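Trainee: These protein sequence lines are chains A and B, in that order. Counting from 1, one number per residue, gives the positions in the first sequence under our numbering. Counting from 1001, one number per residue, gives the positions in the second sequence under our numbering.
Don't read these hints as lab results, they were simulated from the structure. Wrong hints could be hidden among the right ones.
Stated by the list, open to error - Per label pair, the in silico range of CB-to-CB distance:
(1) A:Gly53 x B:Ala1374: 33 to 41 Å
(2) A:Arg120 x B:Pro1350: 36 to 44 Å
(3) B:Pro1285 x A:Ala7: 18 to 26 Å
(4) B:Gly1102 x A:Ser38: 50 to 58 Å
(5) A:Ala28 x B:Pro1075: 32 to 40 Å
(6) A:Ser91 x B:Ala1020: 48 to 56 Å
(7) B:Leu1009 x A:Pro54: 47 to 55 Å
Since this is a predicted model, take the numbers as computed values, not measurements. Just so it is clear, CB atoms sit at the ideal spot from N, CA and C, and this is done for glycine as well.
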Amino acid sequence: MPEGYDARWIAVVLAAGVGLLAVLGLFAANLFLAPRRSSPDKAVAYESGIRPGPINRSQVNIRYYVFGLLFLIFDVEAVFLFPWTVVFLRSAPAVFYEMLIFIGILLFGLAYAWRKGALRWR
Amino acid sequence: MVTWSEVVLTALGLGALFAALMTVVLSLTWLERKLLARIQRRAGPSVVGPHGLLQPVADAIKLLTKEDVRPADAPRFLFWFAPVMVVLPSYMLWVIIPFGDGLLVRAMELGLIYLIALSVLEVVGLLLAGWGSASKYSLLGGFRAAAQLVSYEIPIIIVIIAVAVFVQSLDLRDVVGGHATTIAGRTMSYAGQGGVPLALVMPLGLVVLFIAGLAELGRTPFDIHHAESEVVGGPFVEYSGAHWAVFYLAEYMNTFFIATLTVLLFFGGWSWPSPASVLGDSAPPLAVNALGAAWLMAKVYAVAGVIFWFRGTYPRLRIDQLMAFGWQVLIPLSFANLILVATVLYYGWPTWTLPLISVPLLAVVARVAFRRYADPRKMKTVRMFTRSTRADGETVLAPQAGES
């Protein structure tokens, strides 16, 4: 284990705990301070003042998936780019050019998606 | 190993950090309302406290005393967990943000990766809120939020990588304070080492980060996921009371975060202009640190002011314009910036070649993008209704076929 590893991640876990406690504290304060008078009308979802119809959550437009996929590709690329940033100046020339080729392939993919109209919001 | 006293101290520090962030959020809401009011020639909050300074406190108390309503169809756990899922990552980001030399909870060598990993998580919370509210507007807003945040995350990541390439470190302290990097016999010179701030070296990166940051926050002109006139309140439609307050806490924390990130990466954070050289060599370290933190805060509030100024000035983009702008302009630009920085460093060209190439590139791209997306001469009217005359002479409007 590298030095300071535990101290660092304990701080992160503590931050999650402290943040959770603070937020739950706000909710608890709300619970005690706020009035509670429930009525069937309050529990109706908002829909411009009319009775809402049934909600069908399974219908999602395909365009969201297209952008989700594209994001995944570039996000994974970023994971590869991070270690490269701090080593390429100290490594063999191949390391630098390899990453340029890698970025080039991905940009070609972006250009292809653009040409195919995948970047258009329809 | 870590002792218990250290753990307790860290927890206390984190609690203080949360309290400080709440205060900052309150001050930011006041600043935003006051600035917007001035832009719109109104007075803004002016009744509660001097200059309305206590208005945010009054608002917070009001929100805590409002009833928490949950739609009947909404799954209990998802509905109440979504705000936590949004606010937790935006708070945990602050663990590694340095406010001065050594003024931070915990330093991390891989801090930039940590920032990115956590800032993407907000999408999950917004999607949960949209899905878990059992309301059509929420669902629509949740999906819009996912599409938008995910698209504008990429330019931010690539700009951060470009900064890491230039600084040759993934540690935020190195980005600001500078570390002695000597590459191929050359010492890098930027803000921390008495050089210029990165904004002058990498103007392309600054522009891309700031615009993508605005979109990441969902602030005007990129606020389509909670655009009032389109999806009412987006994922927040069904929330009230403390849960709504927590969403807005997260939003203003993120605003503060993007402003801080811009300042830390591009305006030299606390170390430019160097507080030690301003105060002289004999100044006590405490004074130097305090002046550095004051520089940082002044710059962060200035950037936050610019973000609010944008909100008062620009109209909202349509969703198709928004997505096209992100994917067709910002992402290629961010990659151009990364390749440019890496090439300049690799071949050892002098640093001033970077702005020399990137400023004309930025000008050309801005011109082309304007012609393509915003030129008023190219705007075409989309007909939503067809006009026809009935037999009795009355003009009627019917929805255009094929439009939805």
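Trainee: None of the hints should be skipped; say for each whether it holds.
Mentor: Structure-based check of all given hints:
The hinted window of 33 to 41 Å between Gly53 (chain A) and Ala1374 (chain B) holds, with their beta carbons roughly 37 Å apart. For Arg120 (chain A) and Pro1350 (chain B), the Cβ-Cβ distance of about 41 Å falls inside the hinted range of 36 to 44 Å, so the restraint holds. A hinted range of 18 to 26 Å for the beta carbons of Pro1285 (chain B) and Ala7 (chain A) is consistent with their spacing of about 23 Å. Take Gly1102 (chain B) and Ser38 (chain A): their Cβ atoms lie about 51 Å apart, and the range 50 to 58 Å holds.
Between Ala28 (chain A) and Pro1075 (chain B) the beta carbon distance is about 21 Å. The supplied range of 32 to 40 Å is therefore violated. Between Ser91 (chain A) and Ala1020 (chain B) the C-beta distance comes to about 42 Å, which lies outside the given range of 48 to 56 Å. Restraint check, Leu1009 (chain B) to Pro54 (chain A): a C-beta distance of roughly 54 Å satisfies the suggested window 47 to 55 Å.
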